[in-house]
Every structure is written in C-alpha cells, then in structure tokens.
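Residue numbers (the working numbering), protein chains in the order written: chain S, 1 to 329; chain B, 1001 to 1313; chain X, 2001 to 2260.
Among the hints, erroneous ones may be present.
Said to hold, decoys possible - Computed list of chain X residues with no C-beta within reach of chain S, every gap over 10 angstroms:
| hint | residue |
| --- | --- |
| 1 | Leu2012 |
| 2 | Gly2014 |
| 3 | Ser2022 |
| 4 | Gly2062 |
| 5 | Ala2066 |
| 6 | Trp2088 |
| 7 | Ala2116 |
| 8 | Pro2157 |
| 9 | His2172 |
| 10 | Arg2181 |
| 11 | Gly2235 |
| 12 | Asp2241 |
Stated by the list, open to error - Covered stretches of chain X (chain S as the covering partner; in silico rule of three or more C-beta atoms under 8 angstroms from a C-beta of chain S):
| hint | region |
| --- | --- |
| 13 | 2045-2051 |
| 14 | 2075-2086 |
| 15 | 2123-2133 |
Unchecked claim - Distance windows between CB atoms, simulated:
| hint | chain 1 | residue 1 | chain 2 | residue 2 | range |
| --- | --- | --- | --- | --- | --- |
| 16 | S | Pro195 | X | Glu2112 | 35 to 45 angstroms |
| 17 | S | Asp43 | B | Ala1299 | 25 to 35 angstroms |
| 18 | S | Gly106 | B | Ala1276 | 12 to 22 angstroms |
| 19 | X | Gly2014 | S | Met228 | 21 to 31 angstroms |
| 20 | S | Arg36 | X | Gly2109 | 22 to 32 angstroms |
| 21 | S | Gly41 | B | Ala1276 | 27 to 37 angstroms |
| 22 | X | Ala2216 | S | Trp319 | 49 to 59 angstroms |
| 23 | X | Glu2112 | S | Leu145 | 43 to 53 angstroms |
| 24 | S | Gly30 | X | Pro2134 | 45 to 55 angstroms |
| 25 | S | Leu263 | B | Pro1187 | 56 to 66 angstroms |
| 26 | S | Asp43 | B | Pro1086 | 38 to 48 angstroms |
| 27 | S | Gln3 | X | Gly2245 | 47 to 57 angstroms |
| 28 | B | Lys1178 | S | Asp43 | 41 to 51 angstroms |
| 29 | B | Ser1087 | S | Leu164 | 13 to 23 angstroms |
For the record, the hints were derived by calculation from the structure and aren't laboratory data.
Positions of the beta carbon are idealized from the N, C-alpha and C atoms, including for glycine.
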Amino acid sequence: MSQSRLNLLLCLLVLALFLASMLIGPARLGPLDSLRALVAGGDEATMIIMREIRLPRAILALAVGFGLGLCGAVLQGFLRNPLAEPGIIGVSAAASFGAVLVFYSGLAGAAFYALPAGALAGAALSVVILLAIAARHGSTLTLILSGVALTSLAGALTSLVLNLSPNPFASYEIIFWLLGSVKDRSMNDVWIALPLMLAGWALLVFSGRALDAFSLGEEAAAGLGVDMRRTRLLVIAGVALSVGAGTAVTGAIGFVGLVVPHLVRPLTDRMPGSLLLPSGLGGAALLLAADIAVRIIVPGKELNVGVVTALIGAPFFLWLIVRSRREIF
Amino acid sequence: MAGGGRAHLFSPAGRRWPRSGRTRERHPAFRNRFAALATLALLALPAHAGEAPARVMSLNVCTDQLAMLLAKPGQLVSVSELAGDPSLSFLHEKAAAYPRNAGTAEEVFLARPDAVVTGTFSLHNTTALLRRLGFRVEEFSFEQTLDTIPREIRRMGGILGAGDRAEEIASRFETELKNVEASLCGPSPTAIAYDQNGIALGSGTLADSVMRAAGLRNLAAELGYAGMAPFPLELLVVHRPDIVILREPLTEAPALADQITRHPALRALKTSHVGAYVPPGSWACGAPAVLDAVRALRAVREEAAPCGKAPSG
Amino acid sequence: MSLVAERVSVELAGRRIVEDASFSLARGEVVGLLGPNGAGKSTLMRAIAGHLPHSGSASLDGADLATLSALERARLVAHLPQARVIAWPLSVRNVVGLGRMPWRSFARGFSENDRAICAEAMELMDVGDLADRPATELSGGEQARVLIARAVAQDTPVLIADEPASGLDPAHQMTMMAALRRLATKDRAILVSLHDLTLAARWCDRVVLMRDGRIAADGPPAAILTPECLQSVFGIVAHIDHDRGGMILAPTGLTGDTPP
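The shape of chain S in the complex, shown without the other chains:
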C-alpha cells in the first residue's frame, strides 16, 4: 500500500471514530440533531452536550492518541527498540507524577499552564534519564528495566503525594493518574493541552528524517549528516510536550504507543520516518475506539480508558517479548 493511500485510509478511520465518539453517550440524542447542534446550534441541552461534553472528550481522545502513537514510533525509531513506548519506559508515569505534584499542591490553580508545565518537566526528566542510561549502549533489556524502575518510582511518588493530600478524594484519584480517562473533560482541558501537543508533534515530525538514519545506528546516522544533539533535543522536547501535555489532562494511558507502530509498520516501507504519521493516526483511532468501548462495555459505570488499552496492549507486549526473547537476553 502506498504511503499516501495508507494515511488517507487511516484519516477516514479516525474521522469515522471521531463521529462515533460524538454520537455515543448516556443522553440518547438523534445523530442528525446532535450534529446540527454541534455545528449550527439549536436546542440548548443538545448544544451543551455536543460542544461542552462530547467535543472535548473526542478531541482529547484523538489528540492524546495521536501523540502516544507518534511518540511510540519516534521512540522505537530513535532507540532502535521495538519495545519502546512512553508508558512502558516510564515517561507517562513521570509526567503523571509531575502533574500530580503541581495539581495537588495547589499550584495548578495559580497559573493556567502550571499543570502541563509540571507534567512536561516530569516527562522531560524521565526521557533525559532514559537516554542517558539506555540510548548509548542500550540493550532492550536495559531500556525496559530502566522503564520499570522509573515507572515504579514515579508511581510511588504519585501515591505519596496523593496520600499526603488533606483532600479525602485525592487518594482515590490515583486510578485516574495511573490509568487515564477522557471522561467529563472540558474545553478548558483542550485549550491547556492541545497547543502544547501540536508543538510537540511538529518537533517530532521534524525528527523523522534523522530517525531513518538511526536505523543504521547512531554513528552511521552522524556520518549521514544527522546532527545528534539537535535530534536528541527534538526527541526529548517533542515527547515531553506530547506526552506531558496529554497526561496533564487525561492521566497516563499506556500501550497505545507500543501497539500501534507494530500494527502499521508492515503497511509501510518500515522506515521509521514514514511510520510517524500512520502511527499517530493509528493511535488516535485506537484511543477513540477504546474510549467508545468504555462507554459501551459497562454503561453507567465507566471504566478508565487505560484499562482497555492495557487489556489490549499488555498481552501484545508479552507476545512481543516472547517473539524477540533471543534479542533481549
């Protein structure tokens, strides 16, 4: 399949799922009425539901999914490692911790961008640590073990902050921060996260060419004219922006970045650079679908969307490990 045709098909899939996401909800609205209310206004209740409740939810699922898929493809390409993914290597957990620290200390109320800034800092710090440990001489095993350590540490610190909060609701909110959800988010969350995510995507797409060269190793890439420092900065900043901003408003959603690149890679020429856009689109489609699933599976008692992505992703992760066991050990 040609690259542009693949991207077109994925775009159509994302569009269909976006529409489905806009049309599914506890308030049983007619599809035509709701779309009319979304675009042109009309009945007050329908308009509020479409514009203030379902639209932010669908946009966030699309954008966070796109970011996770894109980051998965970038990290796999950059680290030449099929198991790299923001969730598995601890970036999402660190972003969650950064957001939690800022939010529950009350700093988030002080400035509009304090919350994503905290998550960005957490994500960036974790990427820097991972690159320091695993990028140079990194075997897959080193990377995964570093990720396990970072995830556990960030998770423990997150629990600590939540438990120390005087607000009795705080300790229950660990589920949100560790498993993620786009339920009942508002356009405020979209405005906080989306501009930063867009900036992150731009940086990552810009790194695509360098990632192609990374297929032959860092040294060969440098010999092909790739500016190593610039590429590393692009990847760190891009991943931190995409994952950090997304996690700040939806919590950590795992496995999207792992599964999607593997699903779309066989449909491409397998160059890391040409995998970026399809992975982003695939991630958007997966998260939109997962978020539709949580609304349908147990209506009235919604699951966290991270539960569904983990149910899909974790067995896939195991299968990947089994398949590449020889390479890892």
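Given the coordinates of chain S, assemble chains B and X onto it according to the supplied hints.
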C-alpha cells in the same frame, strides 16, 4: 484538649494491667489484642444498662453530632477525628472541645468507656471486636430520612441518660419540620444534589428526604438512581433541573473530584439555579442541623419557583 | 593532496586512545589502516569522520573537517562504522538509499540522479539482485556489502570504511577490494581498515600501521610489511611470498617467548 486525651490514655485504668513481659511480641496488633484478652480474663465485665454510662466514646461522625448535643459535661470521653471536619460535621466547632479518636479498638480499650456509640456501616471489625471484649456498643444506622431523625435523637438520649433533653430536641425538630412542610405550595421544581465526581444523591438518602421536605423533586430519584450513584453529566444537561445543588470542596486542597462541579456544561445551563446552597455539613448526618439544609433549600426553591407561580422548566 | 590528518589525538574517559597521528590520503588512493586489536584504528577513523572530539586537525583540501556542520561533512566524508546495524526490516534499496540523505533536502523524494547513484552502488557491491529483499533477512556477508553500498551511495570524495571485509567470503572480499579500487579511480580517497594482511598488501596502494594509538609506519605495502615490522607491531611470524599479483602474507606463529 489534646493533652487531656493523652492524660486519659495513661490514666490509672490503663496502667492497672501493665503489659510488661508480653511486649516482646513482634506484631503490635497481636500484642494489643493478646493483652486485651488477658486483661479481660481477669476483669469483671463493665456493668450494662440500668444507670446512664458515666463515660461514653463516639467513633462515628454522625453519632458525634447527637452525642455532643446530648451528653452531660464530662460524659463524652472522645469523638471521632472527622468531628472536626466542617464539611462533614455541622458541630465541628463544638468538637474542638473534645479529644479525638481514630476509631480503633485499641483506643477504646485504653480509654475503657462504659459505652461506645458508632455507626453500623463503619468499622465493622472494630465493633465486633469490641463486643467480643465485652464493651457495650450501640450502633446507629444512617440509612435514614428526616422521619427517622427524632427517633435517633430519642435513642441517643436514652443511651446517655438524657431522655428529657432528647425529647425536647426531638419534638422541636418534629414541630419545625411540620411547619416547613405546611408552608409548601404549588408544583415542585426539580433539583439534583450533585456531589464531587458527579455523584448524585438518589432515593433513600437523607438528602432526598430533605429535598422533598423543601418542596423539590429529586431528579436523580425520579430517574431511578438510588443511594449515592454516579450520574452522567449529559443526563443532567438533558433534564435541566431547575436547581443544581453542588457541594463545596471538602478542603482547600484541590482534587479532581471538584472539577465536575466547575464544568462549563453546568455553567452553560442558563435556566438552572446552580450553587452550593446547603450549609456545609448540615445534611451529612441525621441530626437537628438537617433543618438548616431544609430551610436553605426552601429559600432557593422560593427563588426558582415563587409560590403562586408555576416553576420554570 | 586531499585528506590530511595532523597530530590527531583522542582521549576517551581519560585514556589516550590515539596519540599524535599524522598521515595523508590522496584522491585516487586506497590506503589500508592496519594494526592489532586496540591499536586505535577505529577511534582514529571516527575522529577523522568527525564523530569524536579530538585535538590536532583533519582537513580536506585545506578545510578543517571539525569546523564544518554535520551535513557539510557528510557530503565530503562517508564513514562505514565497524558495527553493522540494520534496525528494521528495511529493503536493501532503502538502506542503500539512506546514503543519499545528505544530498536530499527535507521531505524531497529521490531524484533520477539519486536512483542512478544507488543502482550503481548496488551493482558495485553485487547486491543489485537483493534490492527488494529485507536487509535483516540477508546473511552477514550480504549485509556487509549492502552497508558499504550505502556508504558508496553517499558519493563523497573520501570514504572511510572500518573493517568492511570481515565476515565476507574470500570471493566477496576480493570483489569488495576491487570495487574500492574502482571507486579510487573515480578520483576518490579511500581509507580502509583491514585485518587480512594479504588483502591489504595486494589491494592497497599504501598501508598505515598503528600500534598503541600511534602510527608506527606508513608507506607502500612491500616496504612496510616486513618480517621485522610484523614482529614488532603484530607480534607474529609470517611466511612472506610474492606472485604476479603482489605479496602473500601467511601468519605462521607468534613471536617472542612468553616468560614463565
């Protein structure tokens, strides 16, 4: 006050049976339980019934409310930690005068009260353990409505030996409630009590009976939601209740749970009255303070649908 | 005169790996870089290719390579690292195509010229038939040829290849050296590190010998690869012979008695 509590823990009653020689056990819970059993084997059980208990301990924020109202000076040994929380305890200022307990059997054992009052759905293990140890434990069910409150007041009065005062408070409560209900007029506006995390207070809750007493229809109950139940924001928007009763944040410390009460969709409901109308803590427990909640909602109701006019929406 | 390295020294983690290495590499010349393991061959090559900070200078036609940007350098010097990495099941065509990266602007496809250069490089390394195969499924020797075809496709005046012949069968070793010679005739300068002494002696115009980070000897193979030199640099005894094509060096034993 805290000093008083500490002094009490080291009162002669607590020191009478030193645990020396047994303290080498590694596990503190086991150690304490063992010590407690050993002590009980030697002690006569505390006397039951008859005269009013001299020293009473309350382990639940709702029994705290009634006990603080009815206990004689010095009778109430300690109240629960939550008694000081303004969002849950209407009498939190009064609670400042009492030592607090965390509701553990160990504290009860050390304080050796003559009676323990607590709720049925909290601290089940503690209650069972205390009963096994021979303590008198009085449980109060808090699946209650406005109608059950006078009965609970009288029961607490009976336990504390303050029957007359309880009767006085209970009958005043009944009278005031009757007065409020007598002043009801016209068709009732719809309302929803929408708490943190989008939890609605449905049928069977104290809030439901308060809303009805204030002349409101509880939307959640009418849609079949019982107890405290997650209520989709979309449905709230679709049904557009005349009054949305939010709950103030429990503390200044932020939590995501509060975000839904600030969701733009709620603010966009033009025809609805949205706000935290009920005084903090007033309808958290079945106690006389619930009347404050009834009165507050009456006032909002009057605003949303003045008597003599049909309610909007 | 083309590539000139002057007093190049490299320090890694506080250890001097290359010390005061000076040599030159002219266009049209194939120079073999020889020396035992750990002598500093790879480090010197990486320093010249601009991948390692170093003192001294490496310049091409008078321009100091260290002051150029990575991209400018990539248009002058192609470097084939010793480690053969192909991370994804890329087709051979795509791997070789990566060599065109320094010449293509952002998001621009391959031009006819790019395609022609890649095809030529694949022919040169005898991998044209494999063009559509995933490179990861090829044998080690085939992968080595694909990767050097990638370096050739970079179409630079200088090619630095680190042990390109290791793992190749004898026929392909010779095919590869012949290819490098052919490239040299197209006015390119080629520096190639080798372990096979005969291969170096017969196919290189000149050999540079390294020992303990320093350049021990530099000159035509026949003048450098003497029994004395083999003994002092490699610690071996070799049977040296000649035929019509040049020297034959067959290591036969170790020199020096290891003290008890």
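Okay, the hints, checked on the actual structure:
1. For Leu2012 (chain X), the condition that its CB be more than 10 angstroms from all CB atoms of chain S holds, with the nearest at approximately 13 angstroms.
2. The claim that Gly2014 (chain X) is not at the interface with chain S holds, since no C-beta of that chain comes within 10 angstroms of its own (minimum 17 angstroms).
3. No beta-carbon of chain S is positioned within 10 angstroms of the beta-carbon of Ser2022 (chain X); the least distance is around 23 angstroms.
4. Every C-beta of chain S lies more than 10 angstroms from that of Gly2062 (chain X), the closest at about 21 angstroms, which supports listing it as non-interface.
5. Its beta-carbon lying about 13 angstroms from the closest one in chain S, Ala2066 (chain X) satisfies the requirement of being farther than 10 angstroms from that chain.
6. The beta carbon of Trp2088 (chain X) is not kept farther than 10 angstroms from every beta carbon of chain S, the shortest such distance being approximately 5 angstroms.
7. With a least beta-carbon separation of about 19 angstroms from chain S, Ala2116 (chain X) lies farther than 10 angstroms from that chain, consistent with its non-interface assignment.
8. Listed as outside the interface, Pro2157 (chain X) is consistent with that label: its C-beta sits roughly 14 angstroms from the nearest C-beta of chain S, beyond the 10 angstroms cut-off.
9. At roughly 20 angstroms from the closest C-beta of chain S, the C-beta of His2172 (chain X) stays outside 10 angstroms, upholding its exclusion from the interface.
10. Listed as outside the interface, Arg2181 (chain X) is consistent with that label: its C-beta sits roughly 22 angstroms from the nearest C-beta of chain S, beyond the 10 angstroms cut-off.
11. Listed as outside the interface, Gly2235 (chain X) is consistent with that label: its C-beta sits roughly 29 angstroms from the nearest C-beta of chain S, beyond the 10 angstroms cut-off.
12. Non-interface call for Asp2241 (chain X) relative to chain S: holds, since the shortest CB-CB distance, roughly 38 angstroms, exceeds 10 angstroms.
13. For the region 2045-2051 of chain X, the stated coverage by chain S holds: 4 residues have a C-beta nearer than 8 angstroms to a C-beta of that chain, and at least 3 were required.
14. As drawn, the region 2075-2086 of chain X meets chain S at 9 residues by the rule of a beta-carbon pair under 8 angstroms; at three or more, the given contact holds.
15. Judged by the Cβ-Cβ criterion of 8 angstroms, the region 2123-2133 of chain X is not covered by chain S as claimed, because only 0 of its residues qualify and three are needed.
16. Separated by about 42 angstroms at the C-beta atoms, Pro195 (chain S) and Glu2112 (chain X) satisfy the suggested range of 35 to 45 angstroms.
17. Taking the beta carbon of each, Asp43 (chain S) and Ala1299 (chain B) are about 31 angstroms apart, inside 25 to 35 angstroms as hinted.
18. Judged by the Cβ atoms, the range 12 to 22 angstroms given for Gly106 (chain S) and Ala1276 (chain B) holds: they are separated by roughly 20 angstroms.
19. For the pair Gly2014 (chain X) and Met228 (chain S), the supplied restraint of 21 to 31 angstroms holds, since their beta-carbon distance comes to about 22 angstroms.
20. The hint said 22 to 32 angstroms for the Cβ distance between Arg36 (chain S) and Gly2109 (chain X), and at roughly 43 angstroms that hint is violated.
21. Taking 27 to 37 angstroms as the suggested C-beta distance range, the pair Gly41 (chain S) and Ala1276 (chain B) conforms, at roughly 30 angstroms.
22. Hint check: Ala2216 (chain X) to Trp319 (chain S), Cβ distance near 54 angstroms, so the stated range 49 to 59 angstroms holds.
23. Take Glu2112 (chain X) and Leu145 (chain S): their Cβ atoms lie about 48 angstroms apart, and the range 43 to 53 angstroms holds.
24. Hint check: Gly30 (chain S) to Pro2134 (chain X), Cβ distance near 51 angstroms, so the stated range 45 to 55 angstroms holds.
25. Between Leu263 (chain S) and Pro1187 (chain B) the beta carbons are some 58 angstroms apart, a value that agrees with the proposed interval 56 to 66 angstroms.
26. Checked against the hint of 38 to 48 angstroms, the pair Asp43 (chain S) and Pro1086 (chain B) passes, with Cβ atoms roughly 40 angstroms apart.
27. As the Cβ distance of Gln3 (chain S) to Gly2245 (chain X) is approximately 49 angstroms, the hint placing it in 47 to 57 angstroms holds.
28. For the pair Lys1178 (chain B) and Asp43 (chain S), the supplied restraint of 41 to 51 angstroms holds, since their beta-carbon distance comes to about 42 angstroms.
29. As the Cβ distance of Ser1087 (chain B) to Leu164 (chain S) is approximately 19 angstroms, the hint placing it in 13 to 23 angstroms holds.
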